[in-house]
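Trainee: Residue numbers (the working numbering), protein chains in the order written: chain A, 88 to 405; chain B, 88 to 405; chain C, 53 to 423; chain D, 53 to 423.
Where hints are given, some of them may not hold.
What the hints assert, rightly or not - Stretches of chain B that chain A covers, calculated by requiring three or more beta carbons in the stretch to come under 8 Å of a beta carbon on chain A: (1) 215 to 223; (2) 341 to 348; (3) 376 to 384.
Keep in mind that the hints were calculated from the coordinates and are not lab data.
Quick caveat: nothing in here was measured; it's all calculated off a predicted structure.
The beta carbon of each residue, even a glycine, is placed where N, CA and C say it ideally should be.
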Amino acid sequence: MVQAINDALRISMRGDERVVVLGEDVGKVGGVFRVTAGLQDEFGSERVIDTPLAEGGIVGASIGMAMYGLRPVPEIQFADFIYPAFDQIVSEAAKYRYRSGGEFGIPMVIRTPFGGGIRGGHYHSQSPESLFIHVAGLKVVCPSNPVDAKGLLLSAIRDEDPVLFFEPKRVYRAAKMDVPDGDYTVPLTKAKVVRPGEHVTVIAWGAMLYEAIAAAEHVAPKVDVEVIDLRTLWPVDIDTIVESVKRTGRVVVVHEAPRTCGFGAELVSLVCEKAFLHLEAPPVRVTGHDTPFPYTLENDYLPLAHRIVPALLETAAY
Amino acid sequence: MVQAINDALRISMRGDERVVVLGEDVGKVGGVFRVTAGLQDEFGSERVIDTPLAEGGIVGASIGMAMYGLRPVPEIQFADFIYPAFDQIVSEAAKYRYRSGGEFGIPMVIRTPFGGGIRGGHYHSQSPESLFIHVAGLKVVCPSNPVDAKGLLLSAIRDEDPVLFFEPKRVYRAAKMDVPDGDYTVPLTKAKVVRPGEHVTVIAWGAMLYEAIAAAEHVAPKVDVEVIDLRTLWPVDIDTIVESVKRTGRVVVVHEAPRTCGFGAELVSLVCEKAFLHLEAPPVRVTGHDTPFPYTLENDYLPLAHRIVPALLETAAY
Amino acid sequence: MIRYELPPSRNIEHPDIETVLGADGRADPHLDPKLDTALVVRIYEAMLRTRVLDDRMLALQRQGRVSFHVGCRGEEAAIIAAAAALRAEDWIFPCYRELGALLWRGFPLQRYVDNMFGNADDVVQGRQMPDHVTGRQWQYASVSSPIGTQIMHAVGFGWAAKLKKEKLATAVFFGDGATSTPDFHTGLNFAGVYKTPTVFLCRNNRWAISVPSDKQTASASFAAKGAAYGVRSVRVDGNDALATYRAVREAVERSEQGPTLIELVTYRLGGHSTSDDPKAYRLQEEVDLQIKGDPLTRLRRHLELLGAWSELQERRLVGQLDAEIKACVEIAEKKPAPALRSMFDGVYAERPWHLDEQYETSKRGPRPEKE
Amino acid sequence: MIRYELPPSRNIEHPDIETVLGADGRADPHLDPKLDTALVVRIYEAMLRTRVLDDRMLALQRQGRVSFHVGCRGEEAAIIAAAAALRAEDWIFPCYRELGALLWRGFPLQRYVDNMFGNADDVVQGRQMPDHVTGRQWQYASVSSPIGTQIMHAVGFGWAAKLKKEKLATAVFFGDGATSTPDFHTGLNFAGVYKTPTVFLCRNNRWAISVPSDKQTASASFAAKGAAYGVRSVRVDGNDALATYRAVREAVERSEQGPTLIELVTYRLGGHSTSDDPKAYRLQEEVDLQIKGDPLTRLRRHLELLGAWSELQERRLVGQLDAEIKACVEIAEKKPAPALRSMFDGVYAERPWHLDEQYETSKRGPRPEKE
Ligand SMILES: Cc1ncc(C[n+]2csc(CCOP(=O)(O)OP(=O)(O)O)c2C)c(N)n1
Ligand SMILES: Cc1ncc(C[n+]2csc(CCOP(=O)(O)OP(=O)(O)O)c2C)c(N)n1
Ligand SMILES: [Mg+2]
Ligand SMILES: [Mg+2]
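Chain A extracted, bound-state conformation (with noise of 0.2 Å):
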């Protein structure tokens, strides 16, 4: 995924004299995943740059950069240290357009890498994507594979509004794909459905899609579970949802994020919303608790397949 991610900036910055990428360390050293790798050296440090350690600066200035008229591309180094720049995100960049009365958008993607299972402990391991939710006027993207990673950020890049795109760091290297050449892009209004099934709809985005995967192909053939990759999870693509649900009667949500107001609350919200007399099952959810992330016990703390299975059995026989 790295190398797909660090493909779509070459494309954008190759076609497009006005994407800009900032953050810390992402220039000289290309990231300390690697993912700028090579920018530097093509696009010159006045558009590949190295700023001080000030994300609300990171942020801020990218805020300027794009009413000016580029399309900046700042980089939070983990997305557990995106905090000082919450203020500039919510405040600002979520509102401009709004409150300017159209006269000034925000086009900008803050790339950041998150989630846990890299024993990274507190600060190396949130998923904070709900917070951004919240937010009225921002746009939440988070790619699961390679080939989705380079087509949505292409498309974030070209996109009017301000994008956060979590990048899930756990498999930055794992989830191994040919990816396409040149340049394609991937609708921000899409989910996929990755695995067709009839018995049960799994929603999940990142790394956790391949734990509802695995959760999925464990129960199976007795329970035929559906697996819904969200990619885009805010605006959601509810109609791929419904659908689902109306068909499956039965829908099981899984995040790494803490439970309590995780994106999955949203979800489960929705679904009752739009599909409440199909509702064969309450709607569960399997997430991350609601403590700070875990060093040691990061496999108890992360929803990952061994908790996702007995929630499909379960809701399977509710």
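The hints should help you fit chains B, C and D with the ligands onto chain A, whose structure is shown.
Mentor: Chains B, C and D with the ligands only, in chain A's frame:
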């Protein structure tokens, strides 16, 4: 309510030398809403402190004070300006006890006026409670009336954990009632059924409670609505909610905050998880819209009684 | 803590503050920017216009006709003379008191008054509080309430222009209180490192609501903070239109070499906003002393010396402005509120499904679409 | 952008940097803090201990036995001598490289190694990454990853003590990169305004991961930033244990009068952490040059001149430390992981219903409670 909160602060400060108040304009003028009026005169400028303009500094210094053994009660002038302190609240206060193996707790109450209805536009109207409910380690409290405000604040200041104390400024002066003199507490674990009913359960907090009650009166006696005032949002009093919903089979959640990933979504999910078979209608959310908070049209934005009434009727008739 | 400083015009006591206009109205010949008298008259007229406008908006607020106003009484030179010193290509990133700078650039008064009423013709469609305007055509960014956030935008915008080899400067206004925010720190730091063409205009009006500037920082001055970032800085008499003009012009002209921090020493003669009563935290004596340094009085004295302004002109202009404002208010007050639909538009470039749904629900409610 | 500065010991080139130890190992008689030789030996021993520990942890990480380590190679004087200069009543607010300061205060090595393995005896119960310890008993706050956040805590803690009329200072460590964070700005500003008893210890090790310190700010130095906040500041040779001791001691002793910012000019000889390969961004030549200024070499030369240290002592201590560490590792590696329950405890003072539920669910899963 302003007077009741002032009273609670005064009682705390008289009874406990460790309590200090700090924030922008809280000292000499006693706060832009006069909540801290007179405290500096009584307790001096060492315990009632006017700070420089930096919310992160106010909260960050409070964390250090709490580590020392004080009981700081920082004020954020408007909840809309809490984001510069987001990192200190989320990365530090919320996790300090856990990550230090219990060696340091952070007893601290962050007071902040929130909510719309005072013609405050984007930045003097927000309701960001769900952002904090999502973060493990924080407690979130929201009184709806002066008596509770005093008792809850006294509890919060005596609590061992960091508490976000959201004060509904729309009813700062509106809600008049006799507040008992002296010291008393309202526990941080109990919701209150403010209007018993049999047909539909309405869950609300803060200023929207009055809209919920007004809507309940409007549809009575045809529809007999039970209204629950949560008082403490997190950890929520799940027993009171579940008991009520099991009885009524119908639930409407009302909140000012934007709909998507608001606390309403969590409440709907909890109800589904714990009372699904009792539900006779899909849980309904009546909320603020997924837009920045508007100025001129704020009464169309807020989930006022006129929007709650149809939700009650539809739910009851489902 | 309340200090009785002499008005800035008596700068013999503040040798570190650059001043051009003496108490007698004469310009220091060494420092005089030697502007066309016609331009100085225009600056004075604009300052007076802002003053009259502030008075009328305050009155409207007291009558309950607008809900809120935040003015700039006492800071007119720091705002208008700074705007006048900018070149056409330069951009302004305002705080919330710099409406005068926008009007200077030609923003129509009617649009401003529409904003005060948040009506359907408001440039921001009634979405923000009064005085929170935007003027892209006038190279004026969006006003927002959070203190300091615009500083980083000005830096990023100027930096982008520099990357694109376009020559322009960004001028960003903020108060003394704003220097305590993260954005001040980050903005100055980034500007210093990347040598962005940014002019930081710190209106030190001595107060951040009730907090006096000497409780905001223990720094010797706000200008002194520039050194922490390798940013050139100057301390200027912000009640002196000529000194302000001179310093801003110089900063803009050398902006290709990098940023400048300008501390404009001035004084907030009025309340923080219509929601504030300064009597609760400062003595009238202090204000009375500062009134002697009123930037309008000082510039008028200068113009009178030059024979370029008279009591008659003053009265005539005030009358004219009054009539103009009154007419705008009458029109604005009659305009309808923005359409319900406008509340759901502009959150994104295109309205997504969930806002379509929320709009539809709103329409169905007991309050029908007002269109 | 990479600069080949001379090692700090040749400070004839950096007249603004306070240095005590000359290249020849002699102490400048005017600046020498004149410590007991026994104390200097203890400082040296602690520096060596930290060095050996770093090497062993690095090796364990390379063998895959611990997942991560962040060391302080090259910064031992800046850390240990600073800790040694503190008084018993003073508190330390660490960044992540100051383990040596905690050991100096008596934290048991076994507990540290338990933390490296995140086992059941880890003081933080395996909740954080390796090297993220806490030591309340040793007046050492909790290590967290976010850069800069501890600065405000040190200010608040010292401020609280001052309000309570308790005499103590708080010493807070952070890097050059951290000076760009909001917390540095706010911390210095609050400390300046309230005259808190805080000693700000900026370890300028020239790098923030791959970003060199001259790209971090355009300020002439990090010490120069103190003036922006009215905070006293000094620039010290951080590879010189005696100069570091002297400056920190002075700052602590005058902390009742207010804060001091100390820039400790040093150099990160190793990678940022075990996750980092510095070859990707800096030349070996630069490192080689800096190795000549190694703080251990410099202090050892001094002690040898005094006849207080020998090669034999060195070898004996290293052997001892190796054995000690090895024993701790063997024990730590055998200890079990923390109990599942520990994951749900300590989020709040008392476990609320939802965490009870989450714990119960976890127990029921296919991975049973390991207790
Ligand atoms: C982040 C933030 N915190 C608090 C406020 C509330 N507030 C509005 S104006 C103000 C004082 C600003 O003072 P200063 O920067 O000196 O500007 P002035 O009003 O004096 O022009 C405060 C605290 C705010 N708008 N934003
Ligand atoms: C807020 C935040 N942003 C980014 C990071 C990632 N990060 C970890 S260490 C580091 C560099 C710190 O440099 P410096 O302050 O000089 O300390 P040093 O490591 O050199 O001791 C960065 C960017 C972080 N931990 N926290
Ligand atoms: Mg001010
Ligand atoms: Mg460093």
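Trainee: Tell me the numbers of any earlier hints that the structure contravenes, in ascending order.
Mentor: none
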